[in-house]
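Listed below, chain by chain, are the residues.
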Amino acid sequence: MKIYLVFLPFYCLMLTVLSACNNCNINNESIQTFVFDASHVGKSFDFSEITDTNYLIIALETSEDFLIGEVDKIELKNNKIIIFDSMSRAVYLFNMDGTRHNRIFNPGRGPGEYMEISSMGASDSVIIIFDNMLRKLMEFDYNGILIREAALSSDIWANDIFFFNDNLYLHVHWGEEEWGNSRLYLLDDIVNQNYRYYLPFDKIPLAIGNKGPSYSVCNENSSLIYSGCDTVFSILSDGNVIPRYVFDFKGRRAMYPSGRIELIFEENEDDRITNIEWISETDRFLFAEIGAVRDVYFFIYDKNRKRGNFYELFNNLNISRYFPFHPRRLSGNQVVLTESMFNMQHLVTVIKDDCKLEGFYDKTKSIVDNGKLEDNPVVFIFNLKN
Amino acid sequence: MKRLVWYILFVLVLLSSAIYSFHLRKQLSGADACILMYDKKLALMHNSVQNVINCMKLEARSEGFRLSPDLVVEDVSGNISALMDVFTEPTLVYRLTEMHCNSCIEHGIRLLKEECNNTKLPVMILCRYESVRKVRAICNSYSIDFPIFNTPERFNIPLDDMSTSYFFIVDESFKCYGFQTFIKEIPLITENYLKGICSSSMNLNFIGY
Chain A
101 MKIYLVFLPF
111 YCLMLTVLSA
121 CNNCNINNES
131 IQTFVFDASH
141 VGKSFDFSEI
151 TDTNYLIIAL
161 ETSEDFLIGE
171 VDKIELKNNK
181 IIIFDSMSRA
191 VYLFNMDGTR
201 HNRIFNPGRG
211 PGEYMEISSM
221 GASDSVIIIF
231 DNMLRKLMEF
241 DYNGILIREA
251 ALSSDIWAND
261 IFFFNDNLYL
271 HVHWGEEEWG
281 NSRLYLLDDI
291 VNQNYRYYLP
301 FDKIPLAIGN
311 KGPSYSVCNE
321 NSSLIYSGCD
331 TVFSILSDGN
341 VIPRYVFDFK
351 GRRAMYPSGR
361 IELIFEENED
371 DRITNIEWIS
381 ETDRFLFAEI
391 GAVRDVYFFI
401 YDKNRKRGNF
411 YELFNNLNIS
421 RYFPFHPRRL
431 SGNQVVLTES
441 MFNMQHLVTV
451 IKDDCKLEGF
461 YDKTKSIVDN
471 GKLEDNPVVF
481 IFNLKN
Chain B
47 MKRLVWYILF
57 VLVLLSSAIY
67 SFHLRKQLSG
77 ADACILMYDK
87 KLALMHNSVQ
97 NVINCMKLEA
107 RSEGFRLSPD
117 LVVEDVSGNI
127 SALMDVFTEP
137 TLVYRLTEMH
147 CNSCIEHGIR
157 LLKEECNNTK
167 LPVMILCRYE
177 SVRKVRAICN
187 SYSIDFPIFN
197 TPERFNIPLD
207 DMSTSYFFIV
217 DESFKCYGFQ
227 TFIKEIPLIT
237 ENYLKGICSS
247 SMNLNFIGY
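For the protein sequence lines, the chains are A and B, in the order given. If you're matching positions, the first sequence starts at 101 in our numbering and goes up one per residue. If you're matching positions, the second sequence starts at 47 in our numbering and goes up one per residue.
The hints are simulated quantities; they were obtained by calculation from the structure and are not laboratory data. Check before you lean on any hint, since a few could be wrong.
Stated by the list, open to error - Taking beta-carbon pairs under 10 Å as the criterion, some of the chain B residues facing chain A (in silico):
1. E144
2. N148
3. R179
4. E199
Said to hold, decoys possible - In silico EDC-like pairs for lysine to aspartate or glutamate, Cα to Cα no more than 20 Å straight-line:
5. B:K72 with A:D255
6. A:K173 with B:D121
7. A:K236 with B:D121
8. A:K472 with B:E152
9. A:K463 with B:D121
10. B:K159 with A:E216
11. B:K230 with A:E149
By construction, the Cβ of each residue, glycine as well, lies at the ideal position given by its N, Cα and C atoms.
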């Protein structure tokens, strides 16, 4: 008996080490599968069926120091429109009427400065940016004033950052780097950087997508996709990460026989699926865009009715069949779209006869008439029906 | 009692060897990651240098590269003109497009400012962006003081299809030569290239053209 007692601490230690290694936090609850069948893809889905007639069209103020190059991310928080633009290395804050509020613009290499803004996340009180080049996180308030900054710990990485339930998450896609494959970090604080990491799957993805990771936040959970993986993962409000949905492409996934991702279009038939381009989710709906070698498919799933389908096109026939209606960017129960002034010029000519939404054409026309071709993009906000 | 001591010793040896092997494994995986990182860096450097070599080879085999004098260029105010109206003398051109990474552009422009601000050789940026608003946005972002023009069309130069921004010289007859891509991994090469060109102050014979 004594002999066993001698080995007891050793066994305890081994058990502790083994359990510490398994840091994944996965619950295998019921997973919904969406089967893709190209022969059953619908022609188009009309968003006028699920959007109400209330909308907002916001022309963003343009000035020499408020010039948006590209809208990389748009968020509606704290009664502000927050636009992250990596091209002009700035985060722009507009009031809801489109007038300028403030901007975060401090490029440089010193303290309080960044070389580039690689990603941005906004909570109701702060805006956090991540500089991939200098590897630092910076926290600003809504007046563009730097609150604090910290170098990112060497064992964490981020392709995108976002807030869910007031927690800061760092989203990392597939890669061969020392940091490992597709991960999700939950950071307690940008300075302390105590983190929990989630590695929701242990398989190497089937193929590498071209858009990197994508996420969507709604009230109840946050959904995540990783390049080359057909599973949609969810962060639940209790912090657990679970596989929630799976796209089953019935063996039509594009493959890489040569191992060279740039040859994907040459090495695969036109009907092969390349990746899930993006997902977005509200409490009721899940939207996705599926990329194929030749085509693009759109997907909508109604959680209440437990029904979903793939379509060739998303549009809103209350406006026009030519109006691109891609619900990639959502804010709560609202679809947020942006259009350049160049496209707006075209839009007013094509929606003139089709538009049934009251006042929509007149408002669009007045923005085009009073604006210039090189003005900042226009923001459209549509409410989804409950 | 003696037996117990032996058992404890045995456990201690086992434990220390387990810890040692764990550390060794960690160090080895760190070394592997370093080797992989250096390999990737080397591949990137090789690619960048190879692009310049290929461009030079093609330049030598053909009659050289020439820009069309009728090429449409647009300034930051949206004024449109032909290339022949903006080039009057040999000029150092920095070519960047929407496809190039922000850090490459930032680094390239910083070097250009550091090395070419006090030279007599005119410097010009020819970029390819979707709209003039974007050109103005990057001018603000990188505090660009050099003359900058947007060219909606791509150049008939192999480097224009590559993922790196590049430098070259255009003379009065719109002949292009002295190509150099911006190599982010070894900025010293680009720095020396710009130093050489700018210090010669218009005497372009030093590069053998």
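| request: Could you tell me which of the numbered hints above are not met by this structure, giving the numbers in increasing order? | output: 4, 6, 7, 8, 9 and 11
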